[in-house]
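Engineer: Modelling step: build the complete structure from the supplied sequences, incorporating the hints.
So you can see what is in the structure, the chains are spelled out below.
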Amino acid sequence: MARAKKTKPGRIGRKVFAPAQVKSTRELADFQRAMWTLISRPLTPANHMPRRWKDGRPTAALAAQIAKPNDRLTSFERLEIYSRMYWFRVLDSLYDDCPGLRAVLGVPRFTKLAEAYLVKYPSRSFSLRNLPSRLARFIREEPRWTAPHAALCHDLALFEWARVEVFDSAALPVFTLDDLLGADPAKLKLMLQPYLQLLDLRYPVDDFILAVKQREELSRGEASNTSLASAPAKKTPKKIRPPARGRTCVAVHRLEGRIYFKRLEPAAFQVLSALRSGKTLAQALAAGIPRARRPREDWAAKVQAWFRVWMELGWFCQR
Amino acid sequence: MPANRFNAHTDYGVGIGLRIPHYDHILSKKPTVDWFEIISENYLVDGGRPLAVLDRILEQYRVVQHGVSLYFGSADKPDRAQLRRLKNLVKRTRTPWLSDHLCWGSIDGSYSHDLLPMPYTFSAAKRTAEKIRHVSDFLEIPICVENVSSYTEFHVSEMTEWEFLSEVVERADCGILLDVNNIYVSSRNHGFNPYDYVDNVPHHRVGQMHIAGHTKFEKYILDTHDHAPIDPVWKLYAHATKLCGVTATLLEWDDKIPSFDEVHAEALKSTEYIDDARAAQKRRTQRDFVGGVSSPRRAS
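Order-wise, the sequence lines are chains A and B.
My numbering applies: residue 4 is where the first sequence begins, and numbers increase by one.
My numbering applies: residue 648 is where the second sequence begins, and numbers increase by one.
A portion of the hints provided could be inaccurate.
Claimed, not checked - Pairs of lysine to aspartate or glutamate residues, derived as EDC-like cross-links and limited to a Cα-Cα distance of at most 16 Å, are as follows:
| # | chain 1 | residue 1 | chain 2 | residue 2 |
| --- | --- | --- | --- | --- |
| 1 | A | Lys26 | B | Asp923 |
| 2 | B | Lys889 | B | Asp923 |
| 3 | B | Lys866 | A | Glu80 |
| 4 | B | Lys734 | B | Asp693 |
| 5 | B | Lys882 | B | Glu913 |
| 6 | A | Lys71 | B | Glu805 |
| 7 | B | Lys882 | B | Glu919 |
| 8 | B | Lys882 | B | Asp923 |
| 9 | B | Lys677 | B | Asp908 |
| 10 | A | Lys242 | A | Asp210 |
| 11 | A | Lys26 | B | Glu805 |
| 12 | B | Lys734 | B | Glu814 |
| 13 | B | Lys866 | A | Asp74 |
| 14 | A | Lys115 | A | Asp95 |
| 15 | A | Lys123 | B | Asp755 |
| 16 | B | Lys889 | B | Asp820 |
| 17 | A | Lys216 | A | Asp100 |
| 18 | A | Lys192 | A | Asp210 |
What the hints assert, rightly or not - Which chain A residues stay away from chain B? Per the calculated CB distances, all over 12 Å, these:
| # | residue |
| --- | --- |
| 19 | Arg55 |
| 20 | Arg60 |
| 21 | Ser96 |
| 22 | Ala214 |
| 23 | Arg248 |
| 24 | Ser280 |
Just so you know, these hints were derived from the structure itself, not from any lab.
Computed from a predicted model, the values in this text were never measured in an experiment.
Using N, Cα and C, we set each Cβ at its ideal position, and we do this for glycine too.
Structural biologist: Written as structure tokens, this is what we have:
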């Protein structure tokens, strides 16, 4: 005899959607799971909860198992307030964090991407800061949401998440020249600041993001009523063309609280990446500098210049 | 009761929320403010501008932490990593007490980033109180739980919201952050008398109060914090202050934020009611002293 499946409230396709009582922690979890399932389903284009559930049942019937109606609102409408608040909040958060993706896709397609992303990867953190952390992965897994710009959008998602990380990651005490005195390059390991992000991208998204930000600043200026009456007329912001493909190694970093992007030569990127992975200085240099391509003295001067700048920027830190 | 064990026996006066648009004004003009309330989650990070600004604020001002993501009412267990970060921040700010909401917001590890209303049942109250005790023990600091605005009621509920709040705080032996605007909003959405709510919570547990503005729609009121409190909210605040005594009060203004001076001036309106409460408290003390007894006051 076939055993009846154990019902789990909140799951579709079952008659019981929400528990009729909450007299245990398990029932509390069931109740919360049911409500979460209902309010986290994407809204319709008109910002309503869908009228039909995935199995064809009226959503109103499921809502009625959870919420009481009152003299002004049905159960459905009362829960819809929460559904809207949820979606507006998380979409607003991604909207703010992803200006580059928005510029490439346009707001309607970006919104569809964000909804699909949050359905597959709902927030797993107490902080909205971490909301875009898996967006690049999602774009790689499901390129249809960003086609034909999937590779560009993947790079943009990586870059925009890097900016979030750089903004508030730790800054450790910097490594000074004194710390280098007497060090053996074969054994010396230099640690990179946690706030430094190294990206090897297929598109020059750093320049693209700067152009997008400048365009948004311009738009804000024109939208503002403040003290613009006598300001010189500004040009209407133009749509920015997506960048052409081209390998781009870039460091996203922080200086005095502000975020900066710095292009790196591929060899410099390799050296820094090797240092980050725990290689010694000698191993990192060997990993980054191609053998016998140029006279040795050219590389010595170049490497010295890299390290001088990196030290000035405080990218190396003490363990 | 100007000070009680739920606000670490402090008498903080009138504060405002520390918000990004006011950073420059505060750091450059150094206005006189009793205290700032910070949203803990904005500073649960490892570095950068948020902590740099906070450290500069802490050099000159008293700060109280207010959270939005502990979700005491969630069936999920507390997030240990979050609690460790929170404890580090508590040490940094030296906040006398910490507040968060009487709500849920996560399930099975997924976060709504919203303050979702509780089903008012005894079982839920017991579970919620256990989590509050756990968090308070871990953080080693008094906790005040805030009543939230709500837009729905549940079939499973077994009591009123104020009975649920009372049940939770008595079981957890914690304080209350009484948000009078939230009471007003919920009363209009659910059709109860907000004075019944204020009259029937344990006043001796109120460690802090919130006031704020809201937005009225055709069929419901939304807690938007985007303008000044309306008169009925101020009246409810005055009533609550009479019952609870002088209590640390904070104006919440989180959207369409005006100038610092405008927000602060609005917050300082509460001093009128606080002064009345202080005078009434003084009269009571003198009367009790003359009478030679100290009789317990009724809740209403």
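Engineer: Evaluate each hint against the coordinates.
Structural biologist: How the hints compare with the structure:
1. Straight-line distance between C-alpha atoms of Lys26 of chain A and Asp923 of chain B comes to about 44 Å, which puts the hinted pair past the 16 Å bound.
2. Straight-line distance between C-alpha atoms of Lys889 of chain B and Asp923 of chain B comes to about 8 Å, which keeps the hinted pair within the 16 Å bound.
3. Restraint check: the Cα-Cα separation between Lys866 of chain B and Glu80 of chain A comes to about 10 Å, which is no more than 16 Å; the hinted pair holds.
4. Pair hint Lys734 of chain B plus Asp693 of chain B holds up; C-alpha atoms about 13 Å apart against a cutoff of 16 Å.
5. Note on Lys882 of chain B and Glu913 of chain B: the hinted pairing holds, with a Cα-Cα distance of about 15 Å set against a maximum of 16 Å.
6. A C-alpha spacing of about 13 Å is found between Lys71 of chain A and Glu805 of chain B, which places the hinted pair at or below 16 Å, so the restraint holds.
7. Simply put, Lys882 of chain B and Glu919 of chain B have alpha-carbon atoms about 12 Å apart, close enough for the 16 Å limit, and the pair holds.
8. The suggested pairing of Lys882 of chain B with Asp923 of chain B holds, with an alpha-carbon distance near 13 Å, which does not exceed 16 Å.
9. Proximity of Lys677 of chain B to Asp908 of chain B is assessed by CA-CA distance (about 12 Å); at most 16 Å being required, the pair is judged to hold.
10. Annotation: proposed proximity of Lys242 of chain A to Asp210 of chain A holds, straight-line Cα distance about 15 Å (limit 16 Å).
11. Between the alpha carbons of Lys26 of chain A and Glu805 of chain B the distance comes to roughly 10 Å, so the proposed pair stays at or under 16 Å and holds.
12. Taken as a hint, the Lys734 of chain B and Glu814 of chain B pair is broken in the structure, with Cα atoms around 27 Å apart against an allowance of 16 Å.
13. At most 16 Å may separate the alpha-carbon atoms for a hinted pair to count; Lys866 of chain B and Asp74 of chain A meet this at roughly 9 Å.
14. Between the alpha carbons of Lys115 of chain A and Asp95 of chain A the distance comes to roughly 13 Å, so the proposed pair stays at or under 16 Å and holds.
15. Under the criterion of a C-alpha separation no larger than 16 Å, the hint pairing Lys123 of chain A with Asp755 of chain B is consistent with the structure, at around 14 Å.
16. Between Lys889 of chain B and Asp820 of chain B, the direct Cα distance comes to roughly 23 Å. Violation of the 16 Å bound is thereby established for this hinted pair.
17. A hinted pair counts as satisfied when its Cα atoms are at most 16 Å apart, and Lys216 of chain A with Asp100 of chain A qualifies at roughly 12 Å.
18. Annotation: proposed proximity of Lys192 of chain A to Asp210 of chain A is violated, straight-line Cα distance about 32 Å (limit 16 Å).
19. Here Arg55 of chain A stays apart from chain B, with its beta-carbon at least about 21 Å from theirs, past the 12 Å limit.
20. With a cut of 12 Å on Cβ distances, Arg60 of chain A stays outside the contact zone with chain B, its closest approach being about 18 Å.
21. At roughly 8 Å, the least C-beta separation between Ser96 of chain A and chain B is not larger than 12 Å, which violates its mark as non-interface.
22. With a least CB separation of 24 Å from chain B, Ala214 of chain A remains clear of the 12 Å interface cut-off, as annotated.
23. Separation of Arg248 of chain A from chain B is adequate, the least Cβ-Cβ distance of about 32 Å exceeding the 12 Å criterion.
24. With a minimum CB-CB distance of about 21 Å to chain B, Ser280 of chain A clears the 12 Å threshold, and the non-interface call stands.
The structure fails hints 1, 12, 16, 18, 21 (numbered hints given earlier, in ascending order).
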